[in-house]
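Letter by letter, the chains look like this.
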Amino acid sequence: MNTTSAQFVTTRRIGVYEPIHQISTWGENFKSNSNLNTSSSLILEDTKLDNQSEDASHGTMAPSNQYDQEASKPADKVLRRLAQNREAARKSRLRKKAYVQQLETSRLKLIQLEQELERARHQGLYMAGGLDASHLGFPGTVNSGITAFEMEYGHWMEEQNKQIGDLRTALNAHISDVELRMLVENGLEHYTKFFRMKGSAASADVFYVMSGMWKTSAERFFSWIGGFRPSDLLKVLLPQLDPMTEQQLMEVYNLQQSCQQAEDALTQGMEKLTLTLAETVAAGRLVEDSYLPHVASAMDKLESLVGFVNQADHLRQEALQQMYRILTVRQAARGLLALGEYFQRLRALSSLWATRPREPA
Amino acid sequence: MQEAIPYKSWQPLHTRAHFINNNTNIPQLVSSKALKAEGSENIMLNMVAENAVIVIARRGCCMSHVVKRLLLGLGVNPAVYEVDEKDEVGVVKELEMISNGKDGKVQFPAVFIGGRLFGGLDRVMATHISGELVPILKEAGALWL
Chain A
45 MNTTSAQFVT TRRIGVYEPI HQISTWGENF KSNSNLNTSS SLILEDTKLD
95 NQSEDASHGT MAPSNQYDQE ASKPADKVLR RLAQNREAAR KSRLRKKAYV
145 QQLETSRLKL IQLEQELERA RHQGLYMAGG LDASHLGFPG TVNSGITAFE
195 MEYGHWMEEQ NKQIGDLRTA LNAHISDVEL RMLVENGLEH YTKFFRMKGS
245 AASADVFYVM SGMWKTSAER FFSWIGGFRP SDLLKVLLPQ LDPMTEQQLM
295 EVYNLQQSCQ QAEDALTQGM EKLTLTLAET VAAGRLVEDS YLPHVASAMD
345 KLESLVGFVN QADHLRQEAL QQMYRILTVR QAARGLLALG EYFQRLRALS
395 SLWATRPREP A
Chain B
46 MQEAIPYKSW QPLHTRAHFI NNNTNIPQLV SSKALKAEGS ENIMLNMVAE
96 NAVIVIARRG CCMSHVVKRL LLGLGVNPAV YEVDEKDEVG VVKELEMISN
146 GKDGKVQFPA VFIGGRLFGG LDRVMATHIS GELVPILKEA GALWL
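So the sequences go chain by chain: A and B.
Final position of the first sequence in this note's numbering is 405; the numbers increase by one with none missing.
Final position of the second sequence in this note's numbering is 190; the numbers increase by one with none missing.
No lab work stands behind these hints: they were computed from the structure.
Positions of the beta carbon are idealized from the N, C-alpha and C atoms, including for glycine.
A few of these clues could be false.
[What the hints assert, rightly or not] Quick list of simulated restraints, FRET-style, between CB atoms: (1) S220(A) - N91(B): 55 to 61 Å; (2) H218(A) - Q152(B): 43 to 49 Å; (3) G176(B) - T372(A): 16 to 22 Å; (4) G105(B) - S150(A): 58 to 64 Å; (5) F265(A) - G105(B): 28 to 34 Å; (6) Q152(B) - R400(A): 47 to 53 Å; (7) L319(A) - E133(B): 20 to 26 Å; (8) E133(B) - S334(A): 24 to 30 Å; (9) E202(A) - E133(B): 44 to 50 Å; (10) P180(B) - H218(A): 35 to 41 Å; (11) L190(B) - M241(A): 39 to 45 Å.
[Said to hold, decoys possible] Keeping only pairs whose Cα atoms sit at most 25 Å apart, straight-line, the calculated DSS-like set for lysine-lysine is: (12) K259(A) - K237(A); (13) K138(B) - K150(B); (14) K131(B) - K316(A); (15) K131(B) - K150(B); (16) K316(A) - K345(A); (17) K279(A) - K259(A); (18) K345(A) - K131(B); (19) K345(A) - K150(B); (20) K135(A) - K121(A).
Work out the full structure, taking the sequences as your base and the hints as a guide.
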């Protein structure tokens, strides 16, 4: 018997796979051995050997099932092991199924969340600072104007980038003045559209427009009353427009001066408004009086803020128009291109800043 | 360019109407009553006619502050007439009559140059940017240089 098992071992070690031979060998072992203990010890030995050899040994078990049934006393342990294996396989399949189902539902939930986030982002930027709006219970009406603006602004920006690209191509291609004029006028019209959008947004929520939340961080840094400062932009553009005639230089300089004066006037008006607003809110006795009448009268003052944003935008608009009057078509095209690229650079600066490597907390 | 020295605004020949400079704060009630007593139409007309530049605005309006600052920055010392809320409608009517219904409704702040309605802050800004405002002011005698 030992030799037989040794043979068994040898064939397995060599890798010769003869299940029938092996099983019959096994069967012989069991049959010829009346002593259960011995046979079980043999099986144990076989099991040990089994474990020592490759995992392929498991495979050899399966076909042996049929042959086990033939044996009068199939090893309980073998049967049990087979059953356990079946059980384990079944459980594994069930677990896998459960896991996949979980994945599916999570995936659906993720899609839902992403959609919600997209929607909330449009309103979220606004709502983050507008908790008081939700207090009053008007989030729906107040938000819609701003949500609409944010969407429109996204489209406007796409169109703007396209127009800047077209201008660049056109200037390099040396197209005729007539065609260039059309591009320039389209560009100016596009800015007009933008100011109109801003006007509606200011009526919807002037604080939002003043905060510049719809712009990138670097753009926001340079913000003055909800937008760019005309005199600053002129300083940026001037060197890009060379060569200019003496007359033009003088006119641009005068325009710069006028913008500066207008900006100063508006700034001083804003300062007065700020002061008045603070006084109105703080009127009476802060500790004892009711806040309602004071806060209510402050509301009127806030309305004037809309006027300031409108006037500032009006100033920007007029400055652009005046530049168009002063410059030749080609210069105006270069100016618009330079303006567009300046803002693109500011936006690039914002993203670079946002993604800068930082020390781990 | 250096800031021009502010030119003193002309004093009215008759003292029925009161003018408020940007520095002083003469109670307006007095002149309102005076206006009502004397026939405000003439007073408004006189005010407009006698001042090269006059700004008529609501009391405490921040936009009128902007107009004032802008004109001051140019070297103009504009007369300012502040209107109480209750007088607003009346004043608007008078001003519209003065301007003969030109340019539609009068909005505050309203700027009169050389006796004629010039417009609101919008027009002042636009003409300032286009460089047309200073010549107009010079022509009306509000600016000397």
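Outcome of the hint check:
Between S220(A) and N91(B) the beta carbons are some 58 Å apart, a value that agrees with the proposed interval 55 to 61 Å. At about 48 Å, the CB distance of H218(A) to Q152(B) agrees with the hint of 43 to 49 Å. Taken as a hint, the range 16 to 22 Å holds for the pair G176(B) and T372(A), whose Cβ atoms sit roughly 18 Å apart. Taking 58 to 64 Å as the suggested C-beta distance range, the pair G105(B) and S150(A) conforms, at roughly 60 Å.
Range check, F265(A) to G105(B): about 32 Å between beta-carbon atoms, so the 28 to 34 Å window is met. Separated by about 49 Å at the C-beta atoms, Q152(B) and R400(A) satisfy the suggested range of 47 to 53 Å. At about 23 Å, the CB distance of L319(A) to E133(B) agrees with the hint of 20 to 26 Å. Take E133(B) and S334(A): their Cβ atoms lie about 29 Å apart, and the range 24 to 30 Å holds.
A hinted range of 44 to 50 Å holds for the C-beta pair E202(A) and E133(B), which are about 46 Å apart. Checked against the hint of 35 to 41 Å, the pair P180(B) and H218(A) passes, with Cβ atoms roughly 39 Å apart. Look at L190(B) against M241(A): about 41 Å separates their beta carbons, and that is inside 39 to 45 Å. A hinted pair counts as satisfied when its Cα atoms are at most 25 Å apart, and K259(A) with K237(A) qualifies at roughly 17 Å.
Between K138(B) and K150(B) the alpha-carbon distance is near 9 Å, which keeps this suggested pair within the 25 Å criterion. The suggested pairing of K131(B) with K316(A) holds, with an alpha-carbon distance near 23 Å, which does not exceed 25 Å. The suggested pairing of K131(B) with K150(B) holds, with an alpha-carbon distance near 18 Å, which does not exceed 25 Å. For the proposed pair K316(A) and K345(A), the alpha carbon gap of about 11 Å is at most 25 Å, so the pair holds.
For the given pair, K279(A) sits about 22 Å from K259(A) by alpha-carbon distance, which is consistent with the 25 Å threshold. Straight-line distance between C-alpha atoms of K345(A) and K131(B) comes to about 18 Å, which keeps the hinted pair within the 25 Å bound. Restraint check for K345(A) and K150(B): satisfied, since their Cα atoms lie roughly 23 Å apart, inside the 25 Å limit. With a CA separation close to 20 Å, the supplied pair K135(A) and K121(A) stays within the 25 Å bound.
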